[in-house]
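Visitor: Chain by chain, the residues run as shown.
Protein chains: 2
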Amino acid sequence: MENNKLNRRQLVTLIGGLAGAGAAATLYAATGDVAAPKPSITAPSKPASAMQQVPWPYKPVDADVVAQRAYESYWKGHCMYGSFEAIVATVAGHLGEPYTNFPYMMFKYGAGGVNGWGTLCGSLNGSLSAIQLLSPDPNPIIDNLMAWYEVEPLPNFYAKGAKFPEVRSAAGTPLCHESIAHWCKASGKKSYSPERIERCGTLTASVARKTVQLLNDQAAGKHLTVLAQSKQTQSCSVCHEHGGELENMRAKMDCGGCHQVQIKSGHGVI
Amino acid sequence: MENNKLNRRQLVTLIGGLAGAGAAATLYAATGDVAAPKPSITAPSKPASAMQQVPWPYKPVDADVVAQRAYESYWKGHCMYGSFEAIVATVAGHLGEPYTNFPYMMFKYGAGGVNGWGTLCGSLNGSLSAIQLLSPDPNPIIDNLMAWYEVEPLPNFYAKGAKFPEVRSAAGTPLCHESIAHWCKASGKKSYSPERIERCGTLTASVARKTVQLLNDQAAGKHLTVLAQSKQTQSCSVCHEHGGELENMRAKMDCGGCHQVQIKSGHGVI
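Residue numbers (this note's numbering), protein chains in the order written: chain C, 1 to 270; chain U, 1 to 270.
The hints are simulated quantities; they were obtained by calculation from the structure and are not laboratory data.
All values reported here derive from a predicted model rather than from experimental measurement.
Worth double-checking, as some hints may not be accurate.
Given that identical chains are not distinguished, each listed pair holds provided it fits within a single copy or across any two copies.
In silico BS3-like cross-links for lysine-lysine, where the CA-CA straight-line distance does not exceed 27 angstroms [as the list claims (entries may be wrong)]: (1) Lys185 <-> Lys231; (2) Lys190 <-> Lys231; (3) Lys160 <-> Lys185; (4) Lys163 <-> Lys76.
Just chain C, same shape as in the assembly (with noise of 0.2 angstroms):
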């Protein structure tokens, strides 16, 4: 199922560019150099109001670092405070104060889709948070980085201290419940058992890692590519979307992730 996903799909080039690219771009470094900035001796002095003007300035960070350390924050505090936190805490940690006083354990609920509601994957809400504070044209890093993970066999990024053997599946959707039920499917593992919950450790540091990679290739002024929609989603949306007959609906979302019966029979409940 995951590589028919990938066939539906076609790679597009959206204009990436950087939006208010005047003042804002002058906080990025466009050399595409994403070795981990030495700390900055001047951050100490901002009042800490700074810390509220969003988005913070942003410089390249290392990706696989801030994935091992997304991996490691998992057993901390789960799938949302494990990218947030990895992501955001070693951006501070090179500005120092105010920006390192951010309550980062607030991102505990996300864990299990809020708590085990299995709505939102986690580690994309704690990604997503963070891309909104540090860039300055968040939306085509979130669209960027919601359709990658529809498709993409997770985890890619295997951390160190990571015990059990590799396991990849696409997901399907942004939302975690079915994300968990592709993996099981996958590696004949079951929902709660030590395996998969380490795989949410590892999927927990690729999501980080592929975040911190978008951030820093928006910073460097390259052009970022989104997954279009699936044929039939685009399909979808041709009644239920803007414009369309019906305009009963609002999503990006791939809709075959959890309508596929409802395609298949020719439309049932709402």
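Dock chain U against chain C, hints included.
Guide: Positioned in the frame of chain C, the structure of chain U alone reads:
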């Protein structure tokens, strides 16, 4: 359909007592008085690192005042920002520095279930962030809010400044796109209409109000009630959830919100 959903559920009382009631409980006023407290005169002396400690000290605030603020904030930064900013900035306003320095605009991404992707309702996502930040025992509040959102006909708070007629509908799940689809069906309006856009503002106000009511109830030491899962979802869980024969799922959300046809047809595709 909303009425059927309501009928399938039963109110159950959970033991909602304050966990970690020792040191944390001293932060709470257990008087049940929800009048807005006067600005603290001791807060400015707190070091910046106090902001990093989760939970922040919470004192009950006026739920209706927060709801109105959420409606107004919605128009500045959408649903997730709206609910979070209204709750947390109100509390921070009473606490003073350093709490007032939170970068609220980082939650703009939650709009339309993450930049229009239709996943987790942004008014929930913002409220959930606030709950984890402000409660010493967030999980009972989170579960309460999520279950309530699935079945409660919303919006149930009509803000000053709203100009269209009141139309209420139950979302069926915590997901944005289904919440919108149900409301479009109930109202006869389209998903990109001015009426639906305003409705998401009053929905944001309604969810923020409920969140504050729950925070206040917990602060007052009251037991919290959580709506039970539907019988349909309980039936799904027998095989798919923890300890079941398949155990390939982890979710508290209502299965029937998306998978009606799979269920009716005797199971289809995961």
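Visitor: Against each hint, give a clear statement of whether it holds in the structure.
Guide: We went through each hint and held it up to the structure:
Taking CA atoms no more than 27 angstroms apart as the test, Lys185 paired with Lys231 passes in both settings, with 25 angstroms inside one copy and 26 angstroms between copies. In this homomeric assembly, Lys190 and Lys231 come within 27 angstroms of each other (Cα to Cα) only across copies, at 23 angstroms, whereas the closest approach inside a single copy is 32 angstroms. In this homomeric assembly, Lys160 and Lys185 come within 27 angstroms of each other (Cα to Cα) only inside a single copy, at 25 angstroms, whereas the closest approach across copies is 50 angstroms. Taking CA atoms no more than 27 angstroms apart as the test, Lys163 paired with Lys76 passes inside one copy only; the shortest distance there is 18 angstroms, against 47 angstroms between copies.
In summary, the structure agrees with every hint in the numbered list given earlier.
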